Each structure stands twice: as structure tokens, then as C-alpha cells.
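Here the protein sequences line up with chains Y and W, keeping their order. Under my numbering, think of the first position of the first sequence as 1, with each following residue one higher. Under my numbering, think of the first position of the second sequence as 1, with each following residue one higher.
No lab work stands behind these hints, which were simulated from the structure alone. The reader is advised that the hints may include incorrect statements.
To be verified - Quick look at which bits of chain W chain Y covers, simulated, 3 or more residues with Cβ under 8 Å:
(1) 101–109
(2) 113–119
(3) 146–152
(4) 156–168
(5) 175–187
As the structure is a prediction and not an experimental result, all values here were calculated from the model. C-beta: ideal position from N, C-alpha, C; glycine also.
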Amino acid sequence: MSLIKKRVWLLVGVAILLILGTLILTKRPPSLAAGTPLVMSDKSIPKVKAHALVMTYPFDEALELSEVVSEISIVKNVGEIYEPTAKTIFSAVVTKTFKGSVAPGDAIQILQEGNGKVEFNDTPLFQPGEKYVLILKKATDFPEGTYWILGGETGIYQVIDDNSIVKWSKSEKQLQNIEIEGDIETTKLNGILELAKTKETQLLSKEKFEKLIKYQLKE
Amino acid sequence: MRVPKMMSRTVLCLLLVLSTLPLLSSSAHPSSICKTGGEMYGYYVDCNNHQASASFTWNTDIPNSVVAVDYPYRQAMTSGAGKWSGTVTISNTSTSSNNGKISTYSDPSTSTLAVFTEYSSDSNGHLTSWKIKFNKSKMDSFTAAEKATVAAHELGHAIGLNDLYLGANSDKLMYGFWPMASSPTAKDKEGAKEATKASPI
Chain Y
1 MSLIKKRVWL LVGVAILLIL GTLILTKRPP SLAAGTPLVM SDKSIPKVKA
51 HALVMTYPFD EALELSEVVS EISIVKNVGE IYEPTAKTIF SAVVTKTFKG
101 SVAPGDAIQI LQEGNGKVEF NDTPLFQPGE KYVLILKKAT DFPEGTYWIL
151 GGETGIYQVI DDNSIVKWSK SEKQLQNIEI EGDIETTKLN GILELAKTKE
201 TQLLSKEKFE KLIKYQLKE
Chain W
1 MRVPKMMSRT VLCLLLVLST LPLLSSSAHP SSICKTGGEM YGYYVDCNNH
51 QASASFTWNT DIPNSVVAVD YPYRQAMTSG AGKWSGTVTI SNTSTSSNNG
101 KISTYSDPST STLAVFTEYS SDSNGHLTSW KIKFNKSKMD SFTAAEKATV
151 AAHELGHAIG LNDLYLGANS DKLMYGFWPM ASSPTAKDKE GAKEATKASP
201 I
């Protein structure tokens with residue numbers, strides 16, 4: 001077989017491989033092709049999406065309306081609620097308190113919108129070990145020590161490290177002067193990076209944020 | 001000698017043609033049919049979940065009962081639907097098999113006012129079923145006008161519009177946080193037209 005013929009057969013072989021590869025890669029999963037609102041989680045469990053309209057408050061008003069403002073550390077997911085709307089119950093430990101009748105070391109429970117089956121406004125669920133400063137209200141029809149987040153996702157501030165904290169959603173004018181120069185990508189946290197694609201996240205100075213809370217609560 | 005050269009050229013042409021295939025088959029609608037828009041456009045169409053035409057209906061979620069959902073919320077739906085009039089026609093139906101349902105619930109332990117959920121669509125991205133749930137615990141204290149605004153926002157999802165989250169869009173009805181515009185703006189209507197325009201035959 002001549003060298004030219006060998007090259008032609010090689011080219012034909014590559015073409016067949018490319019055709020097969022193209023067909024395999026462009027074949028979409030049936031659920032997505034059907035245009036359903038299903039998304040696949042890390043564990044490949046289909047999740048339904050929920051678009052919720054959330055009541056929000058300016059930062060100072062949220063602090064005033066809250067019953068507890070604390071820094072907490074998520075311990076674990078202790079249960080999921082499906083009706084009337086999707087929620088997850090997390091156990092948490094208080095690490096710092098700015099307002100309310102909880103103290104560092106106290107065990108509390110936090111209600112977060114969404115659960116393993118329902119993705120709520122495209123926001124991720126809390127994970128064990130993560131730290132947050134949350135603006136909270138006491139939950140009714142739940143055991144003592146259970147709280148919900150005022151303003152939903154807009155009342156969530158994730159502690160990144162000793163110096164920085166990220167407001168998950170809805171940029172707040174009152175916090176613009178304590179924003180840290182830099183890119184949100186420096187957090188290197190997947191959940192935050194995903195949020196930053198669709199929501200107006202704010203990277204803030206943790207020290208200045210805590211000072212601002214204390215200042216606002218004194219007024 | 002000429003035959004192998006022709007063959008190799010033919011194969012190369014074939015490869016070039018095949019390389020365009022993924023672009024043609026990667027979404028429910030080609031981009032020429034459904035324009036997604038986005039935050040920068042002032043509207044954001046869900047091309048995989050939108051109405052098939054500019055006219056659709058809703059019903060209450062409880063079979064055989066037209067009074068299961070409190071009057072103020074049914075009234076809000078009617079008023080909210082009216083805000084889209086001229087762009088999309090949305091009407092109540094007594095047909096219990098209708099796949100667009102509304103209901104109410106009571107949850108004081110949340111900031112959620114209402115939710116658009118449990119939706120599914122066919123292979124063309126046309127919504128086949130959906131639910132709107134109003135949270136009475138949060139909305140009972142709202143005025144009739146405020147309830148109608150919430151209903152109009154939720155019906156925007158039923159039309160096929162996603163929430164907008166940038167502060168620059170806080171003046172649109174489809175802004176995802178309360179408070180927002182009380183009626184569809186020109187951009188909301190533009191998105192609604194995009195979401196419901198008939199597919200070319």
C-alpha cells in the first residue's frame with residue numbers, strides 16, 4: 001500500500017471517530033430535551049426549580065426588624081420540608097452574637113429555603129462547616145431555638161475568611177463603602193462563584209461589616 | 001494519484017460540514033426563534049419553559065371548587081392578568097383539567113410572598129403545567145393593588161420570563177425582589193412578546 005493510500009485511510013478513520021464523537025456529545029439527556037425545569041445535582045438527583053418572589057429590606061431596617069443577628073457555623077442538615085414550600089432545617093452553633101438572646105456556643109436551628117429536591121431561586125444549600133452572619137427571626141410552629149432568615153437569600157452573609165464576607169444577593173447601597181476591592185473569584189468557593197453569575201453579590205470587609213452592624217444596632 | 005487527493009478533499013469537506021452540527025442541535029429552539037435576552041436586555045426569556053402562544057388560562061388548584069382560593073387572590077389574578085392585556089391574554093377557566101393552577105398557603109416563617117413552581121414543558125419548550133402559590137401569611141396584609149402586582153409578576157413566569165436580579169432592573173415587573181414595578185414595563189412586554197411569539201412554520 002502506497003504512502004498516499006495509507007494517509008487517506010488514516011484520514012477516513014479520523015473522520016469516522018469525529019462523526020461518532022460528535023453524535024455522542026450532542027445527544028442531550030431526555031429531560032433537558034423535553035425542556036423540563038429539572039436540573040441535576042452533584043448526586044444526579046433531579047431537582048425541580050422554584051421561582052420565589054422575596055420580600056426584602058434595606059440593611060438598617062432588616063437589623064431593626066430582626067430578633068437575632070449572629071455569626072453561626074453550620075453543623076449539619078437535620079431535615080427537609082416539602083409542603084407548603086421547600087425548606088431545609090440545619091443545626092448550627094452560634095460563634096458570635098450582635099443582637100438577640102443567643103450566646104456563643106448555643107445550638108440553634110436555621111430554616112433555609114429549598115431542599116434536596118427543590119432548587120429555590122438558584123441558591124445553593126448551606127454545607128457543614130460553613131460560617132455565616134445571618135439576620136434572623138424566630139420561627140413559629142417550630143421548636144424553640146429555630147429561626148428563619150429575614151429577606152431570604154438577601155439576608156445571608158457568608159464568611160470567607162478572617163478578613164472578608166460575601167453578601168449572597170441583592171447589592172446593598174448601605175454596604176458599598178465597606179466593599180473590598182477585588183474580584184469575587186478570589187473566594188474560590190463554588191457556591192459563591194455560581195451565585196455571582198446571576199445575583200448581585202458583594203465582597204465586604206468582615207471587620208468593617210461587624211463594626212457597621214454594632215453601630216446600626218446602637219442607633 | 002488524483003483519486004486519493006479527491007477522496008481526502010471530500011473527507012475534509014465532510015468534516016467541516018459535520019463540525020457545524022452541534023450548533024444546530026444544542027437548544028430546544030434555534031436562537032433565531034427564541035431570543036433569551038438577559039439582564040442587560042431588561043428581560044430574560046426561559047426558552048425551555050414558556051407559553052406556546054400569547055393566550056393561556058389558569059384555574060384554582062382544588063378540584064370541583066371555585067371558592068377554594070380566597071376571593072382576594074382570585075381577584076388579584078384577574079387584575080394581574082389584566083396588566084398583561086394587549087401583550088398576552090390570560091383568562092380564568094372553569095375547566096378543572098386546566099394545567100395552570102393557583103393556590104394559597106400559610107407560612108409565617110419566611111420572606112417568600114409567592115412562588116412559581118412545579119412546572120414542566122414539552123419538547124418544544126412550551127409549558128404544559130405550572131403552579132402559582134400565594135403565601136397568605138405574608139400577603140393578607142397587602143392592599144388589593146399590591147396583591148395584583150404579585151400576581152402579575154408570577155404570571156410573568158407563566159408567560160416564560162425569568163426573574164431579573166441586577167439593581168439596574170429593579171424598575172421592571174420581573175425584578176425578583178419585592179418591591180418592584182407594579183405593572184409590566186416596555187421591556188417586560190418585549191420579553192413577553194419574545195416568549196410567546198409563534199414559531200415559524
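Hint check:
1. Judged by the Cβ-Cβ criterion of 8 Å, the segment 101–109 of chain W is covered by chain Y as claimed, because 5 of its residues qualify and three suffice.
2. Taking a C-beta to C-beta cut-off of 8 Å, the segment 113–119 of chain W contributes 7 residues in contact with chain Y, enough for the three needed, and the coverage statement holds.
3. For the segment 146–152 of chain W, the proposed coverage by chain Y is not satisfied: 1 residues have a C-beta within less than 8 Å of a C-beta in that chain, short of the threshold of three.
4. Only residues whose beta carbon comes within less than 8 Å of a beta carbon in chain Y count, and the segment 156–168 of chain W has 6; three or more means the coverage holds.
5. Coverage of the segment 175–187 of chain W by chain Y holds in this model, with 3 residues showing a Cβ closer than 8 Å to a Cβ of that chain against a need of three.
Against the hints set out earlier in the document, a violation occurs for number 3 only.
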